[in-house]
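Under the numbering used here, the residue at position 44 of the sequence shown is numbered 44, and the numbers go up by one with no gaps.
Hints are computed from structural coordinates only; laboratory data are not their basis.
Note that the structure is predicted; figures quoted are calculated from it, not measured.
Wrong hints could be hidden among the right ones.
Unchecked claim - Keeping only pairs whose Cα atoms sit at most 30 Å apart, straight-line, the calculated BS3-like set for lysine-lysine is:
id, residue 1, residue 2
1, Lys126, Lys281
2, Lys194, Lys89
3, Lys194, Lys169
4, Lys216, Lys281
5, Lys169, Lys89
6, Lys216, Lys137
7, Lys356, Lys375
8, Lys89, Lys281
9, Lys153, Lys194
10, Lys249, Lys194
11, Lys375, Lys153
To be verified - DEER-style ranges, computed between Cβ atoms:
id, residue 1, residue 2, range
12, Ser286, Ala387, 35 to 45 Å
13, Asp252, His118, 16 to 26 Å
14, Glu176, Thr386, 22 to 32 Å
15, Leu274, Gly297, 16 to 26 Å
16, Arg146, Glu235, 47 to 57 Å
For glycine and all other residues, C-beta sits at the position ideal for the given N, C-alpha and C.
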Amino acid sequence: RLFTRGSRSELDKARQDEIRVDSVFTAITFTITTANMLAAASLASACAAAARAAAAQVARAMSTQAAAEAAAAAASSARVPQMQGMPSKVRIVEVGPRDGLQNEPKLVPTEVKLQLIHRLAASGLKNIEATSFVSPKWVPQMADHREVLSSLKNSSNDVWYPVLTPNIKGYEAAVEAGAREVAIFGAASEVFSKKNINCSIDESIERFQDVVDAAKRDNVRVRGYVSCVLGCPYEGYVDPEVVARVSRKLYDMGCYEISLGDTIGAGNPRTMWLMLEKVFKHVDPSKVAVHCHDTFGMALPNILAALQMGVSVVDSSVSGLGGCPYAKGATGNVATEEVVHMLHGLGIETGVDLEKLIEASTFISSALNRPTASKVCAAMVAGRKTASPTASSSSSSTSAPSSAARPGDCKEKTKAQPQQEQQQVHRPARQPQAATA
């Protein structure tokens with residue numbers, strides 16, 4: 001209408017209005033478009049953020065799962081390098097009742113010895129060295145050997161109770177008392193052999209021939225001990241070739257197993273490896289056991305080295321009882337609790353209940369009226385007391401049988417003995433029938 005009827009000025013004004021309207025629409029369109037773009041960008045940003053969060057969550061989940069899988073894989077494979085070459089099961093020969101108690105200065109009552117043996121058997125141990133059939137003149141602590149072994153006649157047949165027999169007389173007395181397994185002993189050191197059993201290495205082996213022959217006839221198992229395999233208190237260094245030679249002689253004679261004793265605890269993993277390397281050239285690893293003392297704190301490392309070499313039988317003594325009377329300052333055998341604790345940590349089966357073993361250890365320590373020499377036992381007992389002092393005291397008072405030994409029981413029992421029996425066992429330099437691993 002403006003174009004046809006309006007004046008020029010009106011026309012110009014209308015065009016300006018049109019331009020302004022177009023500008024407004026353009027601005028509105030731009031605003032809407034921009035808003036849409038911003039909204040789209042915001043949405044995209046939000047989506048991206050959500051995607052990133054989701055991705056991060058997935059990544060974390062995957063990382064957690066991967067970490068879990070990696071940890072599981074590590075856990076399952078962690079033992080592989082340590083277990084290579086080592087046995088899956090180890091048989092423990094408990095020597096505490098004999099090798100552990102034989103050097104005790106106070107006479108231990110027979111009842112206490114029997115209770116200790118029964119507690120050890122209850123823990124799952126299947127080989128428990130019970131006593132020694134030696135002359136009471138040389139080892140007064142083992143004077144009750146007949147009573148001890150006879151009392152075990154009716155025990156479970158799946159538990160072996162070997163006894164030490166230094167000669168045919170001791171062997172015959174042991175078999176009469178019900179022995180199904182005996183042990184003989186030699187040494188890898190000439191000087192030690194002469195001081196221990198008053199004869200040379202070869203003479204000692206010849207003396208045992210009668211014992212082995214009689215055992216074959218009576219269907220009795222024979223185990224052989226070799227002392228000072230990693231060092232001698234008199235000679236110092238011991239040649240591994242001598243250890244191998246003595247081990248072979250005992251094995252050829254008829255011993256089903258040879259126990260190699262580090263009598264003064266002088267060995268280390270390197271000397272253990274070198275010695276076993278020589279022995280294994282003459283005796284199969286499956287027929288070899290190790291018997292370590294903990295004088296320098298090297299018993300467990302030495303046992304671990306032996307396991308890596310293929311040994312699967314370990315001698316030990318509950319509560320770390322025992323020692324070598326011919327090596328001043330030498331501490332006792334490695335504690336059975338320490339060995340079982342280490343083996344279980346390696347995933348190696350022993351068939352032994354550690355808790356029940358600790359009970360046996362605390363029993364004998366209480367009877368001897370002194371603290372245990374086992375760090376594992378001391379730590380576990382202390383842990384129990386810390387966790388529940390009341391429960392611990394009540395359980396200990398109710399779990400022990402009425403005939404259990406009281407602290408200092410050995411000391412009290414020996415008061416009734418003659419004065420000379422109360423004195424510390426003193427051994428002269430030459431003892432034809434004394435024995436130590």
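Evaluated hints:
Between the alpha carbons of Lys126 and Lys281 the distance comes to roughly 29 Å, so the proposed pair stays at or under 30 Å and holds. A C-alpha spacing of about 37 Å is found between Lys194 and Lys89, which places the hinted pair above 30 Å, so the restraint is violated. For the hint pairing Lys194 with Lys169, the CA-to-CA distance comes to about 20 Å; that is within 30 Å, so the pair holds. Pair hint Lys216 plus Lys281 holds up; C-alpha atoms about 26 Å apart against a cutoff of 30 Å.
Of the pairs offered as hints, the one joining Lys169 and Lys89 is violated, with about 36 Å between alpha carbons and a cut-off of 30 Å exceeded. Distance hint between Lys216 and Lys137 is fulfilled; the C-alpha atoms sit about 29 Å from each other, no more than 30 Å. For a cut-off of 30 Å, the pair hint linking Lys356 to Lys375 stands: about 16 Å separates their Cα positions. Between the alpha carbons of Lys89 and Lys281 the distance comes to roughly 23 Å, so the proposed pair stays at or under 30 Å and holds.
Restraint check for Lys153 and Lys194: not satisfied, since their Cα atoms lie roughly 35 Å apart, outside the 30 Å limit. Pair hint Lys249 plus Lys194 holds up; C-alpha atoms about 18 Å apart against a cutoff of 30 Å. Note on Lys375 and Lys153: the hinted pairing is violated, with a Cα-Cα distance of about 34 Å set against a maximum of 30 Å. Between Ser286 and Ala387 the CB atoms are about 42 Å apart, so this pair conforms to the stated range of 35 to 45 Å.
For Asp252 and His118, the hinted distance range of 16 to 26 Å is not satisfied, since their beta carbons lie about 36 Å from each other. Taking the beta carbon of each, Glu176 and Thr386 are about 50 Å apart, not inside 22 to 32 Å as hinted. The hint said 16 to 26 Å for the Cβ distance between Leu274 and Gly297, and at roughly 20 Å that hint holds. Between Arg146 and Glu235 the Cβ separation comes to about 36 Å, which falls outside the hinted range of 47 to 57 Å.
In the structure shown, a violation is registered for the earlier hints numbered 2, 5, 9, 11, 13, 14, 16, in ascending order.
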